[in-house]
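For the protein sequence lines, the chains are F and X, in the order given.
Quick note on numbering: the first sequence equals residues 5 to 317 in my numbering.
Quick note on numbering: the second sequence equals residues 102 to 758 in my numbering.
Calculated from the structure, these hints are not laboratory results.
You may find that some hints are simply not true.
[What the hints assert, rightly or not] Computed footprint of chain F on chain X; a stretch qualifies when at least three of its residues, placed anywhere within it, have a C-beta under 8 angstroms from a C-beta of chain F:
| hint | stretch |
| --- | --- |
| 1 | 679 to 686 |
| 2 | 694 to 702 |
| 3 | 717 to 731 |
[Stated by the list, open to error] Simulated DEER-style distance windows between Cβ atoms:
| hint | chain 1 | residue 1 | chain 2 | residue 2 | range |
| --- | --- | --- | --- | --- | --- |
| 4 | X | T643 | F | S312 | 55 to 65 angstroms |
| 5 | F | A188 | X | R691 | 30 to 40 angstroms |
| 6 | F | A307 | X | S631 | 56 to 66 angstroms |
| 7 | X | A718 | F | A188 | 25 to 35 angstroms |
| 8 | X | A718 | F | L202 | 36 to 46 angstroms |
| 9 | F | A188 | X | G721 | 28 to 38 angstroms |
| 10 | F | D186 | X | A718 | 29 to 39 angstroms |
| 11 | X | A718 | F | A208 | 36 to 46 angstroms |
Where is the CB? At the ideal position from N, CA and C, for every residue including glycine.
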Amino acid sequence: MSAAADATADAAQLGRALETLETVILGKPEQIRLCLACLLARGHLLIEDVPGVGKTTLAHALAHVLGLAWQRVQFTSDLLPADIIGVSVFDRGSQRFHFRQGPLFTQLLLADEVNRASPRTQSALLEAMEERQVSADGTTYALPEPFFVVATQNPHEQLGTFALPESQLDRFLMCVTLGYPDAAHERALLRGGERRELLAGIAAALSPAAVVRLQRQVRTVHLSEALLDYLQTLIARTRERADLRLGLSPRAAQGLIRAAQAWAFINGRPAVLPEDVQAVLPPLVAHRLQRREAAQGLGDLAAELIRSVPVPA
Amino acid sequence: MKAPAAAQAVPLPFLPLALSCAAFGGGLLLHIDRVPAWASLAALVLIAWRLGAARRASFLPGPYLRSFLALAMSAVVLARFHTLNGLSAGTTLLTLMAALKLLETHKPRDEAVLIGAGLFLLLAACLDRQDLVRAPLYALQAWLCCTALAALATPELPLTRALRLSARTLLLAAPLAVALFVFFPRLPGSFWAIPRGNSALTGLSDSISPGSITQLVADYSVAFRARFSGSPPPRPQLYWRGPVLHQFDGRTWRRLDTAARPPLHLEFLGEPVHYRIALEPTQQRFWFALDTPAAAPAGRVFLTSDSQLVSAEPVTQATAYEAVSYLATRTRERLAAVGIREDTALPPGSNPRTRELATRLREHSADDAALAAAALDFLRTNGFVYSLEPQPLGPNAVDDFLFRTREGFCGHYASAFVTLMRAAGVPAHVVTGYLGGEWNPIGGYFEVHQSDAHAWTEVWIAGRGWVRIDPTAVVAPERLTRGMLQLMPQAYPLSEQLLQRSAWLTALLQRWDAANTWWSDRVVKFSYASQLDLLARFGVKTPDAGYLGWAFAAALVLWLLATGLAALVPRRRGDELGRAYRRLCARLARIAPARAAHQGPLDYCETVLAVRPDLRASLGALIAHYAQLRYGPGAAAPEAVARFARAVRRLRLAPAR
Chain F
5 MSAAADATAD
15 AAQLGRALET
25 LETVILGKPE
35 QIRLCLACLL
45 ARGHLLIEDV
55 PGVGKTTLAH
65 ALAHVLGLAW
75 QRVQFTSDLL
85 PADIIGVSVF
95 DRGSQRFHFR
105 QGPLFTQLLL
115 ADEVNRASPR
125 TQSALLEAME
135 ERQVSADGTT
145 YALPEPFFVV
155 ATQNPHEQLG
165 TFALPESQLD
175 RFLMCVTLGY
185 PDAAHERALL
195 RGGERRELLA
205 GIAAALSPAA
215 VVRLQRQVRT
225 VHLSEALLDY
235 LQTLIARTRE
245 RADLRLGLSP
255 RAAQGLIRAA
265 QAWAFINGRP
275 AVLPEDVQAV
285 LPPLVAHRLQ
295 RREAAQGLGD
305 LAAELIRSVP
315 VPA
Chain X
102 MKAPAAAQAV
112 PLPFLPLALS
122 CAAFGGGLLL
132 HIDRVPAWAS
142 LAALVLIAWR
152 LGAARRASFL
162 PGPYLRSFLA
172 LAMSAVVLAR
182 FHTLNGLSAG
192 TTLLTLMAAL
202 KLLETHKPRD
212 EAVLIGAGLF
222 LLLAACLDRQ
232 DLVRAPLYAL
242 QAWLCCTALA
252 ALATPELPLT
262 RALRLSARTL
272 LLAAPLAVAL
282 FVFFPRLPGS
292 FWAIPRGNSA
302 LTGLSDSISP
312 GSITQLVADY
322 SVAFRARFSG
332 SPPPRPQLYW
342 RGPVLHQFDG
352 RTWRRLDTAA
362 RPPLHLEFLG
372 EPVHYRIALE
382 PTQQRFWFAL
392 DTPAAAPAGR
402 VFLTSDSQLV
412 SAEPVTQATA
422 YEAVSYLATR
432 TRERLAAVGI
442 REDTALPPGS
452 NPRTRELATR
462 LREHSADDAA
472 LAAAALDFLR
482 TNGFVYSLEP
492 QPLGPNAVDD
502 FLFRTREGFC
512 GHYASAFVTL
522 MRAAGVPAHV
532 VTGYLGGEWN
542 PIGGYFEVHQ
552 SDAHAWTEVW
562 IAGRGWVRID
572 PTAVVAPERL
582 TRGMLQLMPQ
592 AYPLSEQLLQ
602 RSAWLTALLQ
612 RWDAANTWWS
622 DRVVKFSYAS
632 QLDLLARFGV
642 KTPDAGYLGW
652 AFAAALVLWL
662 LATGLAALVP
672 RRRGDELGRA
682 YRRLCARLAR
692 IAPARAAHQG
702 PLDYCETVLA
712 VRPDLRASLG
722 ALIAHYAQLR
732 YGPGAAAPEA
742 VARFARAVRR
752 LRLAPAR
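Assemble the whole structure, with the sequences as input and the hints as a guide.
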């Protein structure tokens, strides 16, 4: 099969994967697309929401439909780095230490309630996320490809949590909230029974190799000068504003480009349009930009940003 | 000239040809009221002929017919004007010949000749009339001609582009034109004045007969504008002196050459009044001044012994002058014998009843002043009526007026009063001029209209000199404080009456008049003296033409620098594409909400489709095309951008029926 044919087939399968996901996670097409875009942009995803709105189901469904191996780690305050990375154990037979891989060595890791773990464990996870490799006892172990972390945190639970610092949050490409389903979809949910059981009957639409190929294709989506102008103005605006604690970092800017490329790719466009940037901007800035105390609670920051920058015309 | 067959076979591109015709036609329109109607009509027919031939490639006349037409038209002009020179005849001939040139327009060069004719007509119009109201017309004509030149140079240029190109060029040149206007040394005097044909005389003339003032009174056009340096005198004292009439033939009063009279030495009483008068052209030699001017305001204007200002040349163009007047004078001198003779002369045997009345009044009066008062009493007490439509008078006009009709206006009263005085042996004469004027609060000046024309009298009282007596004031005292229009609205056309009733319309007209006055004072009459004044204001000690040259050179260098810098600043890439897209958005904004600045193309497309779903196919493709050009791979090729711009123009937004 030629590369071009591969690409066409992958794109078709991607569409099918999307459709399937929408049958499992009801009424959240936007979030599903954002999750996929995040994955295709080789970013990690933070889901900030209350329990029981389908975070785990979403992660599970993603892994299943994309054909990825997945692991789930429930983060607690006594979780140690070794618990996720793995430990070296002494093998009697060979008389040597042998590294036993932790749950991190998977393609899709669901890190539940990531803010419950101690900062030490958090930073071990976040380092692995960034480097896509793990060092233990002087040996470097590469993580599988693709590697995608879906972390969740519960914003309403403050007791006994260690809030992720800005520098760590910056490593998540996107932060999405699922929110409660609307009435019609909740009804369908109530009728439909257990969602996770549905997954058992669904075949994987993609494979790890196909996901990697798709990730590569996303990087080829065209970025015009006009669009980069627009994007830079947008980034600069976050840095100029007096009511923000911090502007977007260059890493965030790179992430924005990749996410916009992935969004354009999912929508079948050969080039990134301002609309693509605007679509991925809200989950991108949600966990990165914070208003100063005096200006808190003043409404949708992302929408405000978008409205303040004219597109090239 | 033998028409080259090849050139005729390849028709000229339509747009440049049409624009050349338009440039010429525009020039024609500027002169439409100067050129006889038949000539304009002929030119328009020729334009239509040429345009028709361009579309249908039908025939254009051969050389013989053209020659014949040229000779015939010249002959007609010669027959009508008896000359081929001068403004009217010259313009007529030019328009006709340029129109004929159309019929042998086969090459772009011929079209250039036609545009040249349009520009020449514009120049002629500029020399001819410089009213504010015509300035925009001239600008339009300049734009049209430049557009035609642009289209001629680049035939594939669409009309809008040609219009924009020429507008930009003209705007670019405008600062240079202003610099030339301000700094190019002006030739003093009326170098540019065109020899005019015999234009109609307007305003007061050097004679009045019953009825002549009535024509003026119905004329609401402005005679002159007067701006006082201090506070203006009260309105009933605004007697603007014009021609003084001495000679009476029983019906008509005429001016007399009073050069033979020795000058009177007047004592000026009270404060001097300083003012500036802007006189409209009258083609006559009178200048107007308030009451008694102290001196002649300019070199070639003379102050006569009866205090008139008379110019050596007729007033052919708007003229402005400063003057000083006194509202009261006195002289203890005696009137010279020639003055007494001329100002007591009456046609022999005329108006016997008036003479009889004069004798009777004389007997009952102690002196000349008492006699004048008695005569005024006679007018006051015998049922005289002010009327602009008096009954016609017989051969002894004064008798008829004083004893039979007893109705009339200023001319009748002044004439009768002077006759009465002269019959009693008191020197007297009629003074014509204007009374009052309309205060323009925006411009801060009085507009004196032809309708303010008035006639009053001056009577010689020993020991006091000439004393102004206005017999009309006895009969219609309100004439002193109100204009004729308020006094007798029924004498005016309906339009003027309506105008008087609408306060805002009046205010608007006053504004317009003030703007016009500014224009003619500051722009049209900008002279060498004004240029030197300007230099002096910028601190030049001894301004002269040399400094003007330097100032112009500096302005030129500044302009070159500014335009050069503007040209150096790089134009934004894809500007053309952006312009086409903005045009598209502007068109869509008429049928749907306008595009918000942050809306991307697809986003806005959805906004429009929400209102007009029927556009999905056409607009969707167009927007996709734009998105591809703007954001797609590879720099947008100019041809592709042009294709997009064309598609934008062709997009139909009318709802499908």
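Evaluation of the provided hints:
{"no.": "1", "hint": "679 to 686", "verdict": "holds (count 4)"}
{"no.": "2", "hint": "694 to 702", "verdict": "holds (count 7)"}
{"no.": "3", "hint": "717 to 731", "verdict": "holds (count 3)"}
{"no.": "4", "hint": "X/T643 to F/S312: 55 to 65 angstroms", "verdict": "holds (59 angstroms)"}
{"no.": "5", "hint": "F/A188 to X/R691: 30 to 40 angstroms", "verdict": "holds (38 angstroms)"}
{"no.": "6", "hint": "F/A307 to X/S631: 56 to 66 angstroms", "verdict": "holds (60 angstroms)"}
{"no.": "7", "hint": "X/A718 to F/A188: 25 to 35 angstroms", "verdict": "holds (32 angstroms)"}
{"no.": "8", "hint": "X/A718 to F/L202: 36 to 46 angstroms", "verdict": "holds (39 angstroms)"}
{"no.": "9", "hint": "F/A188 to X/G721: 28 to 38 angstroms", "verdict": "holds (30 angstroms)"}
{"no.": "10", "hint": "F/D186 to X/A718: 29 to 39 angstroms", "verdict": "holds (33 angstroms)"}
{"no.": "11", "hint": "X/A718 to F/A208: 36 to 46 angstroms", "verdict": "holds (38 angstroms)"}
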